[in-house]
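> For reference, the chains in residue letters:
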Amino acid sequence: MTLLLDAFTIVAVSAGTFFFVAGTVGLLRFPDTLSRLHALTKADNLGVGLIVLGLLPQATSLGMGIRLIGVWLLVQLAGATVSQLLARAAARRNGART
Amino acid sequence: MTLLPLYYGLLALLVIGVAWWTLVARETMAAVIGFIAYGMLLGLVWAGIASVDVALTEAAIGGGVTGVLLLRAAARLRPTEPAPHEKPGLVFRVLVGIFCAIVTIGLAVVVLFPTDPAPSLAIAAAEHLPALELGNPVTAVLIAYRALDTMLEKVVLLLALIGVWSLGPDRNWGGLPGRAPAVVTDSALTFLAKLLPPIGIVFGVYLLWTSADNPGGAFQGGTVLAAMWILAMMAGLRAPPAIGSRALRLLLLSGTITFIVVGFAGFLIAGGFLSYPAAFPKALILLIEIPMTLTIAVTLGLLVSGPAERDKTS
Numbered sequence: 001m002t003l004l005l006d007a008f009t010i011v012a013v014s015a016g017t018f019f020f021v022a023g024t025v026g027l028l029r030f031p032d033t034l035s036r037l038h039a040l041t042k043a044d045n046l047g048v049g050l051i052v053l054g055l056l057p058q059a060t061s062l063g064m065g066i067r068l069i070g071v072w073l074l075v076q077l078a079g080a081t082v083s084q085l086l087a088r089a090a091a092r093r094n095g096a097r098t
Numbered sequence: 099m100t101l102l103p104l105y106y107g108l109l110a111l112l113v114i115g116v117a118w119w120t121l122v123a124r125e126t127m128a129a130v131i132g133f134i135a136y137g138m139l140l141g142l143v144w145a146g147i148a149s150v151d152v153a154l155t156e157a158a159i160g161g162g163v164t165g166v167l168l169l170r171a172a173a174r175l176r177p178t179e180p181a182p183h184e185k186p187g188l189v190f191r192v193l194v195g196i197f198c199a200i201v202t203i204g205l206a207v208v209v210l211f212p213t214d215p216a217p218s219l220a221i222a223a224a225e226h227l228p229a230l231e232l233g234n235p236v237t238a239v240l241i242a243y244r245a246l247d248t249m250l251e252k253v254v255l256l257l258a259l260i261g262v263w264s265l266g267p268d269r270n271w272g273g274l275p276g277r278a279p280a281v282v283t284d285s286a287l288t289f290l291a292k293l294l295p296p297i298g299i300v301f302g303v304y305l306l307w308t309s310a311d312n313p314g315g316a317f318q319g320g321t322v323l324a325a326m327w328i329l330a331m332m333a334g335l336r337a338p339p340a341i342g343s344r345a346l347r348l349l350l351l352s353g354t355i356t357f358i359v360v361g362f363a364g365f366l367i368a369g370g371f372l373s374y375p376a377a378f379p380k381a382l383i384l385l386i387e388i389p390m391t392l393t394i395a396v397t398l399g400l401l402v403s404g405p406a407e408r409d410k411t412s
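So the protein lines, in turn, are chains A and B.
So the first sequence is numbered by this note's numbering: it starts at 1 and just counts up by one.
So the second sequence is numbered by this note's numbering: it starts at 99 and just counts up by one.
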């Protein structure tokens, strides 16, 4: 059982890390602000989500598990809001959709 | 476990890389954003060497509040920003180079030739924790062993705020800080400013409360409270208060006043300035820390709001 949970952690955290790397590559390579934001928010949503999911079986207590989920929710909230604000600022600056 | 040195190596390289990027950034705004990232990374470094208290402070003050202050300053100074190709004079650059070299050499000497054994007050700091009814030695240093420093720190904060207020024009003295807020159209910001403060306020209070035994503290908690207030002001949900308001000024002073009152009471109940009686140290420590947290939160929020630029009526 422990082995199975450990394997799940390794797979989920690795997948989360993959999304972070992919998001970073997108941030560096994509041509305009909106597509860069798209890459970034994918990393936030899926990357952090998968890493938290992978870490959950390793939590030693219920409180720690709840805190992990709390971190995930707060990152979601911050990421979603900031990307909205940045996208609006970018749209205002360009005067049109990019 | 074998991967830890690799992690710290990469983190150190990243810190140096971001520091370099911040220094060579052409635009002030870009440099400030680099500085914020640098503060967050430094927080990770402090956490890595088991100084979680310092890590929290670095992330909250070094990255967060200083970052917002610098962002606002950069936004204001944008019209006067020199063109990217303009460079400061040769003498100025040479002087900066010399001073940076002195600091670097000094730090290198300290790190490369440490005294043996390294001076440490850790044992002395831990020794009296039970007498103070505290479990966190950092809190004990801040609120008991070096309480006078902590009190004067609040006075410095107040002086900084007076400095910021003095930048406003005379005719608006006592008025509302900052420019009139733009009409709020960003529903995402309004949403965040409504959703986050309840969570943030609980977390700020928790940081203060838990600092007795765990990493945290009045400054970190106060900063989180200030951030929630700033968020509500930025979203236009709460107007900043007039800086002439008596209630506001009382709040600004409450931390220092409580400190001084408890300090002088120490002569009567414990035999010295800022001494705590052996019977109830924890109650007095909380009595000082709660107004101090409020004072820190209000001062930081007003520092970010800036000098008065509008009349009370506008």
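Derived by calculation from the structure, the hints in this document are not laboratory data.
Here the structure is a predicted model, which means the values were calculated and not measured.
Each hint should be verified, as a subset may be incorrect.
[As the list claims (entries may be wrong)] So the derived label-pair ranges between C-beta atoms look like this:
1) A/Ala-80 x B/Val-359: 41 to 49 Å
2) A/Leu-4 x B/Leu-293: 54 to 62 Å
3) A/Phe-30 x B/Pro-177: 27 to 35 Å
Where a beta carbon is used, it is the ideal one built from N, C-alpha and C, also for glycine.
> For every hint, state whether the structure bears it out.
Verification of the supplied hints:
no., hint, in the structure
1, A/Ala-80 x B/Val-359: 41 to 49 Å, "holds (46 Å)"
2, A/Leu-4 x B/Leu-293: 54 to 62 Å, "violated (37 Å)"
3, A/Phe-30 x B/Pro-177: 27 to 35 Å, "holds (31 Å)"
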